[in-house]
Amino acid sequence: MEQQFPRQIAALGDVFAFLDGCMAAFQVGEADAFALRLVVEEFFTNVVKYSRNGSESILLRVSRRDKQLVVEIVAGSGEPFDVTQAPQVDTMLPLEQRKVGGLGIHLARNLCDSLEYRYENGQSIITCTKNLE
Amino acid sequence: MFSITQQENEVRLSGRFDASQVPAASEVFDRLTKTAQVDFHDLEYISSAGLGVLLKTQKRLGASGQKLVLTGMNKLVRDVFRIARFDLVFEIMD
Chain F
1 MEQQFPRQIA ALGDVFAFLD GCMAAFQVGE ADAFALRLVV EEFFTNVVKY SRNGSESILL
61 RVSRRDKQLV VEIVAGSGEP FDVTQAPQVD TMLPLEQRKV GGLGIHLARN LCDSLEYRYE
121 NGQSIITCTK NLE
Chain U
134 MFSITQQENE VRLSGRFDAS QVPAASEVFD RLTKTAQVDF HDLEYISSAG LGVLLKTQKR
194 LGASGQKLVL TGMNKLVRDV FRIARFDLVF EIMD
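As given, the protein sequences belong to chains F and U, one line each in that order. Oh and the first sequence: position 65 is 65 in our numbering, straight run, nothing missing. Every position in the second sequence, counted from 1, becomes a number in our numbering once 133 is added.
FYI, nobody ran anything at the bench for these hints, they're computed from the structure. Among the hints, a few may not be true.
Straight line, CA to CA, 20 Å or less: simulated EDC-like cross-link-like pairs of lysine to aspartate or glutamate [to be verified]:
#1 K49/F to E72/F
#2 K130/F to D20/F
#3 K99/F to D220/U
#4 K192/U to D90/F
#5 K208/U to E177/U
#6 K130/F to D32/F
#7 K192/U to D172/U
#8 K167/U to E141/U
#9 K130/F to D212/U
#10 K67/F to E133/F
#11 K208/U to E30/F
#12 K49/F to D82/F
#13 K208/U to E133/F
#14 K192/U to E96/F
#15 K167/U to E96/F
#16 K99/F to D212/U
#17 K99/F to E224/U
#18 K200/U to D32/F
#19 K67/F to D32/F
#20 K208/U to D32/F
#21 K189/U to D82/F
#22 K99/F to D175/U
Could you build the full structure based on these sequences and the hints that come with them?
Below is the structure:
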């Protein structure tokens, strides 16, 4: 299943509606569905915030392969940004030193069973695979 | 859908707290000046954007010895706090 979305935070409502449909169609359990929604939001908003020179829309593609769900976030962008190489976040810092920057990718990395990035023909493609319970 | 309500020193969250809800949530959290309880009983989902609003508020309140106390999280939301290790910077109660 796939759908294009405008490159805007305001598109998240439609993104979640699309994901709700995917989770129902692929019979994904509650915990896995929660994780995948979070992963998609984090990468979607990352693309919106940091790839402003890219094409107008972001493509989401969701498929099921046996006991795995595969989500792809495809965005045309001026420059590649490999999310798998983003710096680790120090989550043990005290309150005064904690920052939000990088936390989204940290959450997404922990919720995907595998995460891949590739840059092809001017497009960034983030692929998250989740082993379903 | 997301909703946020405030009554004195209690804030109640409901629905999905995603990046598109940050402006509405910030409007409420920015008004807090004293220790407040944040009720998560009806909150289904939170992302890093929501965590960011909470963190910003906690830091601001902490400067004057106040804080947020978070209550009633479901397991999935609590897992997000655990992964982010926000359980180290917030008091989280059942």
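query: Any hints this thing doesn't respect? Which numbers, in order?
result: 18, 21 and 22
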